[in-house]
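Enquirer: Chains as they are written, first to last, in my numbering: chain S, 358 to 776; chain L, 358 to 776.
One thing to keep in mind: the hints can contain errors.
Since copy identity is lost for identical chains, a pair holds within one copy or between any two.
[To be verified] Restricting the straight-line Cα-Cα distance to at most 20 Å, the calculated cross-link-like pairs of lysine to aspartate or glutamate (EDC-like) are:
1) K769 with E754
2) K378 with D434
3) K617 with D583
4) K644 with E672
5) K399 with D538
Worth flagging that the hints you see were computed from the coordinates, not collected in a lab.
2 protein chains.
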Amino acid sequence: MTITLTYRIETPGSPEAMASKIASDQSTGTFVPLPGETEELKSRVAARVVAVRPLENAETPTWPEVGKTHPPLSRADVDIEFPLDAIGTDLSALMTIAIGGVYSIKGMTGIRVIDMKLPAAFGEAHPGPQFGIAGSRRLTGVRGRPIIGTIVKPALGLRPHETAELVDELVQSGVDFIKDDEKLMSPAYSSLEQRVAAIMPLILDHEQKTGTKVMYAFGISHADPDQMMRNHDLVLKAGGNCAVVNINSIGLGGITFLRKRSELVLHAHRNGWDILTRDPGAGMDFKVWQQFWRLIGVDQFQINGIRVKYWEPDESFVASFEALSTPLFDASDCPLPVAGSGQWGGQAADTYNRTGRTTDLLYLCGGGIVSHPGGPAAGVRAVQQAWQAAVSNVPIEIYAADHPELAASIAKFSDGKGA
Amino acid sequence: MTITLTYRIETPGSPEAMASKIASDQSTGTFVPLPGETEELKSRVAARVVAVRPLENAETPTWPEVGKTHPPLSRADVDIEFPLDAIGTDLSALMTIAIGGVYSIKGMTGIRVIDMKLPAAFGEAHPGPQFGIAGSRRLTGVRGRPIIGTIVKPALGLRPHETAELVDELVQSGVDFIKDDEKLMSPAYSSLEQRVAAIMPLILDHEQKTGTKVMYAFGISHADPDQMMRNHDLVLKAGGNCAVVNINSIGLGGITFLRKRSELVLHAHRNGWDILTRDPGAGMDFKVWQQFWRLIGVDQFQINGIRVKYWEPDESFVASFEALSTPLFDASDCPLPVAGSGQWGGQAADTYNRTGRTTDLLYLCGGGIVSHPGGPAAGVRAVQQAWQAAVSNVPIEIYAADHPELAASIAKFSDGKGA
Chain S
358 MTITLTYRIE TPGSPEAMAS KIASDQSTGT FVPLPGETEE LKSRVAARVV
408 AVRPLENAET PTWPEVGKTH PPLSRADVDI EFPLDAIGTD LSALMTIAIG
458 GVYSIKGMTG IRVIDMKLPA AFGEAHPGPQ FGIAGSRRLT GVRGRPIIGT
508 IVKPALGLRP HETAELVDEL VQSGVDFIKD DEKLMSPAYS SLEQRVAAIM
558 PLILDHEQKT GTKVMYAFGI SHADPDQMMR NHDLVLKAGG NCAVVNINSI
608 GLGGITFLRK RSELVLHAHR NGWDILTRDP GAGMDFKVWQ QFWRLIGVDQ
658 FQINGIRVKY WEPDESFVAS FEALSTPLFD ASDCPLPVAG SGQWGGQAAD
708 TYNRTGRTTD LLYLCGGGIV SHPGGPAAGV RAVQQAWQAA VSNVPIEIYA
758 ADHPELAASI AKFSDGKGA
Chain L
358 MTITLTYRIE TPGSPEAMAS KIASDQSTGT FVPLPGETEE LKSRVAARVV
408 AVRPLENAET PTWPEVGKTH PPLSRADVDI EFPLDAIGTD LSALMTIAIG
458 GVYSIKGMTG IRVIDMKLPA AFGEAHPGPQ FGIAGSRRLT GVRGRPIIGT
508 IVKPALGLRP HETAELVDEL VQSGVDFIKD DEKLMSPAYS SLEQRVAAIM
558 PLILDHEQKT GTKVMYAFGI SHADPDQMMR NHDLVLKAGG NCAVVNINSI
608 GLGGITFLRK RSELVLHAHR NGWDILTRDP GAGMDFKVWQ QFWRLIGVDQ
658 FQINGIRVKY WEPDESFVAS FEALSTPLFD ASDCPLPVAG SGQWGGQAAD
708 TYNRTGRTTD LLYLCGGGIV SHPGGPAAGV RAVQQAWQAA VSNVPIEIYA
758 ADHPELAASI AKFSDGKGA
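Chain S extracted, bound-state conformation (with noise of 0.2 Å):
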């Protein structure tokens, strides 16, 4: 059994050379020839440059490490087979051997790592996700459309009490889903443990008068996992069913330690995440990074979305989207894909038409639903409206003839600055 990585090479050496100098470094090794190292022994372990696909040579520099008057600089994508047995399933042995030593070697201007194909084997070691798009949709309640999702806004600063009073309101909209901002953990002016006496009170009341209980995902990310456990424990005893992980910043220890404990849905942010994938020349394609965390089992996975604020296109949405959508080894390891970031009504038809037509998703609109003008029910409203509309292939401007809400978000967001 091999574990495939398919790297994109940038060089003004010789690409095969690069390939065959990754495939020895990131598993025999060594630089100047010892006694043990035998064929047997090369077998045993040794990557194998499987395939060069030469590409058109790159024009600058990604890396500029080379200067300003350079060779041409070559470009090909190289597979490489690593036995699984040199590496095994532990997923820091793999990001070790196969992606972070591979960062580090000399004689490239740029080096990407664009796909991995992994055995059965870590399909097996790996729970994935607990409860994923299945157990979202029934934690929820919701079918045959998207689970709509908010944000309290601003991101810092407002006291328990004062987000208490913005979530109730939320809570009233008919929102399905209300997120802490992924910034918000448990600063001095609003711990963890006061935010969650202050808004679980607001879900359950609200579960008791309507039988909808809003999922709320409280942020419990810290450095330290005995303190997120203890963070998780917090939302958990309180009736929570939801956290947002900031999967980044904790690292896949983090992940994993929480994951084999938890009892709750964990909502992964991926902030950080966008230096390792933003030059196109370096780093990683989210295809190969989000295998990680859904081997780990985070079950729902926010990757921006159409038209966002941040720099990262759309296409780059679509194919995230796509990578998340496809089963590593089972549909039971997708996440539910999350997409948000200056979301409102606005990009619906064009998030169902380019993600394959489904309705599989959380759409996470902060300002778009909060600061609709008919106010936060008026937003959850005119969200839904849309989706209706993109889902009936009907364009919103027709279809809000009909749907005040909609009509109203269209009046005002539809200015090219989004929500």
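Assemble the complex: chain S is given as a structure, and chain L must be docked to it using the hints.
Expert: Using the frame of chain S, we list chain L on its own:
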């Protein structure tokens, strides 16, 4: 109390405007005016731009988002202050708010975090190194010269009994420190348990005979902190005193969990770090990144060396060494710098002279010791001789005249290829 970050911004727009946007996004962070966002709230948590220092324009964009024909790319270093109350002392909150989020902001062609000044509260909240420089010296018994270390090679593929044969020779060589390659953790053909069982008796037997305990760093990294602790316990119970931890692969959470319980010297390997720093216009300086791991408390920190096999230029190593050697809050929070990669005696003088003429380091030579023509013992003596020459300010070619091991290593390794 405030946390001050310095960002190097590259943008086709205005660096001042971009700085204000960062400050806003990473604190109150709304895009649509919201009812709750009052002046009082802003003063509680808002980040503030306190300085903008213009730099020369960039000639080419770090991130190619602007296309081939683009407006001038302005650059500036900007200082932004975050109120400590808005973040707290949790390192995952610090990473999320002050670093992670900034990489996603639109309208920049590059951003690099080049400095971070933390208030004393961070020193109080985090343990720092348990052993550090003093503990590493005490446990190895090395005084007045660098601790000399070597690495078992090849990186992967040796079975425990083959590793033990090599280690036996290395232990006899007089080397102070031996480590597993960072890529070696616990693969099927060489489980950590079997490796510990094969190696530790050699270390303990040598200690019995000579009174000197060679510090052996076993690769205990695992994405699952529970498993990593079991690995830690295995090493400890067998009499070991050190572990290699792949900090970037296991993340802040994994290391925090380990450090709270660890009784071993934690030797940090930073594989994967390069992607965060290799492009000078993006990511972050080591000066910033190292603070996280030092606060959590790694004891020894690998930072490459002079004339390494990897991409990193000497100046970058020198800056990293200086960063590690500068107390954050107290001299005891300095870990032992580890110079490695292609090292032999030939880099001793430059290492010594360019790092403040200190011998407080672990000088790690793989092939430079193991492949010495006279065997590892001669290799160790050659490296010690090179350091004697460096400290005495005698050129190694002169010193080699009556130090045959050094002469032999010059003959073998000074061809520019390094070790």
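Enquirer: At 20 Å max between alpha carbons, let me know whether K644 reaches E672 within a copy, between copies, both or neither.
Expert: within (13 Å within a copy, 35 Å between copies)
Enquirer: At most 20 Å between alpha carbons: which applies to K378 and D434, within, between, both or neither?
Expert: within (14 Å within a copy, 37 Å between copies)
Enquirer: At most 20 Å between alpha carbons: which applies to K617 and D583, within, between, both or neither?
Expert: Both. Shortest intra-copy (13 Å) and inter-copy (10 Å) distances satisfy the 20 Å Cα cut-off.
Enquirer: Is it within, between, both or neither when you check K399 against D538 at 20 Å Cα-Cα?
Expert: between (50 Å within a copy, 16 Å between copies)
Enquirer: When no copy is specified for K769 and E754, does a C-alpha distance of 20 Å or less occur within a copy, between copies, both, or neither?
Expert: Classified as within: same-chain Cα gap 13 Å, cross-chain 77 Å, threshold 20 Å.
Violation of the numbered hints given earlier is absent; every hint is satisfied by the structure.
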